[in-house]
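Fit chain E to the known structure of chain Y by using the hints.
First to last, the sequence lines map onto chains Y and E.
Each residue of the first sequence is one higher than the one before, starting from 2 at the first, in the numbering used here.
Each residue of the second sequence is one higher than the one before, starting from 2 at the first, in the numbering used here.
If you are wondering where the hints come from, they were derived from the structure by calculation, not from laboratory data.
From a predicted model like this one, the values you see are computed outputs, not experimental measurements.
Some hints could be false.
Given that identical chains are not distinguished, each listed pair holds provided it fits within a single copy or across any two copies.
[What the hints assert, rightly or not] Below are the BS3-like pairs computed for lysine-lysine, each with C-alpha atoms no more than 30 Å apart in a straight line: (1) K301 x K430; (2) K223 x K301; (3) K178 x K223; (4) K223 x K43.
2 protein chains.
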Amino acid sequence: MTRLLLASAPDFSTHYRALLQTRGEAVDGVEAVVSQIIQDVKARGFHALADLSARFDNFALTPETVRIGPAAVNAAMAACDRQVIAALELAAERILDYHLRARPEDARWQDGQGLSLGWRWTPVDAAGLYAPGGLAAYPSSVLMNALPAKAAGVQRLVMMTPPARLHENPAILAAAKIAGIDEIYGVGGAQAIAALAYGADPIAPVDVIAGPGNAWVSTAKKLVFGTVGIDSVAGPSEVFIIADGRNDPAIIAADLLAQAEHDAVAQSILFTDDAAFGQRVLEAVDLMIAQGGAGPEAAKSWPAYGAVIVVDQLVDAVALSDQGAPEHLQIATDDPDHLASLVRHAGAIFLGRHSPEALGDYLAGPNHVLPTGGRSRWASGLSTHMFMKRTTLMGTGLDGLAAIGPAGVALATAEGLPAHAASIALRLKAAGLDPA
Amino acid sequence: MTRLLLASAPDFSTHYRALLQTRGEAVDGVEAVVSQIIQDVKARGFHALADLSARFDNFALTPETVRIGPAAVNAAMAACDRQVIAALELAAERILDYHLRARPEDARWQDGQGLSLGWRWTPVDAAGLYAPGGLAAYPSSVLMNALPAKAAGVQRLVMMTPPARLHENPAILAAAKIAGIDEIYGVGGAQAIAALAYGADPIAPVDVIAGPGNAWVSTAKKLVFGTVGIDSVAGPSEVFIIADGRNDPAIIAADLLAQAEHDAVAQSILFTDDAAFGQRVLEAVDLMIAQGGAGPEAAKSWPAYGAVIVVDQLVDAVALSDQGAPEHLQIATDDPDHLASLVRHAGAIFLGRHSPEALGDYLAGPNHVLPTGGRSRWASGLSTHMFMKRTTLMGTGLDGLAAIGPAGVALATAEGLPAHAASIALRLKAAGLDPA
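Extracted from the complex, chain Y is given alone in its bound form:
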């Protein structure tokens, strides 16, 4: 099947809609099992954790051994390549700096009627971070999930990770140390999320849970939402690239495959105004896959969900991109800011020919946890806000009470809430003011 679509073709909009909508997200049957796991951990605490870990992970947990202590963390640091440690440290510094700038600001003012108004942001007490094992065990994700919490000022950071193959990937614990996480437990799966939400002595509960995971972990996060905050409901991820014909086809092919190699339902779409260039990119993608230049998942996701779309003018690609509301949007042109200013929906925009998504995945500074599957229409990437909460502030003396109190009494009365009305009216009367 050809992956080159012409936006001017009569059936294009039908094809394009199908391309955006065919990636499956739901996994049937997971929710019922995960719901049982959560109830079990809520009811039986650590006993349930131990039973579930034995059953699902074939791993014996005890309250004494569940915590991964400083000795194991230091050993992991020592086992890592020095260059990787240096790269993680540079990444951590840049990510922390970006997220410190993203701390929301407090405000306080007096209004014209004499009321003092405002708000203040404070960090949550404790944040939990899930770090998956296996395929998706990325030290960069540890940094991206932990450092916004650090920037927020969260005092207690807890990491949960499946213990079975942790020794194969020492960079996970190294990243945790570099990010300043000092409470790490070797627990994986939905039960780890349940323990974070409800506690499982010696594991104390947290307030917000972040971090990627498989369908079990994601479903558990969705189910505990409301008891705790969660970072997002994540689905298959995607990159859209808008590129003119003056790019190197091999470089744009690498960019498309960098997304495609994430997993079998990842989506990479190139929009270009140069059909010949698009054709060369397709060839470069095929060559790179054939030569093993991309991870094995790319050979599944690219043929299934990848495409090169030829538009008359690059500006036409903006509307098509907005229709998909991509997680990542690269704009590889000489004046990327112009096209970017027209974009309505994107989790992150990468501006210019030298700015691939991969830099953002690791160490540009912005977060790589971003709204997927069209959710950038309404959702934002993980940031410092997620680990803070806002308290609104309101205070008034008699002037403000006199100015707005009678209208408050009128509204309370109209809503049939007499104690609301009395709460304002009694204060007006005590001050010798007319409540009507």
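Below, chain E without anything else, positioned relative to chain Y:
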């Protein structure tokens, strides 16, 4: 059963924990039915809406009559008390002003390594607002849910409300008009939420859904979360009041009952350092209930969940309040800012003797949609943010690429993602730079 607890009593902490935890939230069996309703609307659109409205609301919906047009809205405006319209207009002006100030700001800067970084906020395209019928039909809620979306710059605001008894409460449509909502449909229940999330021609889908509702509506919002954004998962609400003995017991009693009259599981707790004052407040509450000075729900919720707690010093009340993480906290003392500065968790703080929650419920300016049931530990009230999303921005020239590219290549390689590494390394090589 006495409602006066001494914080110094040996069994106090057990009693207090029970007081905070006994309010039920879950309604068994709702989720399965709501899930079916949502699937039905998703599959059959307006046909499902019509069938469900006939079955649950005994109301015949047609595509031609589902929309509540300008004539009905203007008739409702005319049917309202002039004083109520004026009060709604004052409230709308104040709420809009507060939420315009709360618009998050964009940022863009160059960092030391030559990267251009930043973010920008944009409004969602469309927001949906649910306005319940029956007991909870409050025009103030229409303002509080719609005006943050207006402040965000949302172009399309859609309101759904059960049509059956709308004519009894013209202030609902008046508030919608004052808030600038111009697309209103007479649909209630879980099916209204499903129509907002998935569309039901002629009702186009929205991006974010806000607004209060019963267990069916709340469950539907939770289930569509992820497809669209939702304002919050709300539970039973509460007020905590910290007051010294120099307040008028009748006024503090009215404040407690203003919360208690909301519903049968509302909670009102007074903390005071003056036991005699606490006793007088209890008597004033009983008298006010006996005289019909509070709505009928107060007679259920106050005996079940209300309390006066006597502390040695008012500062001790702050830690107890944080344990409950209340939705609303009133501080009725001469120096409320001092105690407020010590508070870690509260959705909204009302400062001073003249600042009852009721002013905030209607027209102080901050939102009255706030995190309930202890959720102020991690969640914030409804605000302008909820109707906007952030796009992160990153761009670099060759200097920035040279500065951070090699570390990116090292991390991609360590994570086993060759196309990620190639995406950076090919750019470095093309510029004559060393990717290692």
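Hint-by-hint comparison with the structure:
When the C-alpha separation of K301 and K430 is checked against a cutoff of 30 Å, the pair qualifies only between copies, where the shortest distance is 28 Å, while the shortest distance within a copy is 74 Å. Proximity of K223 to K301 under the C-alpha cut-off of 30 Å is restricted to the intra-copy arrangement: shortest distance 28 Å within a copy versus 33 Å between copies. Within a single copy, K178 and K223 get their C-alpha atoms as close as 28 Å, which meets the 30 Å cut-off; across copies the closest is 36 Å, which misses it. For the identical chains of this complex, K223 and K43 are neighbours both inside a copy (16 Å) and across copies (20 Å), given an alpha-carbon limit of 30 Å.
Going through the hint list in order, the structure satisfies each hint without exception.
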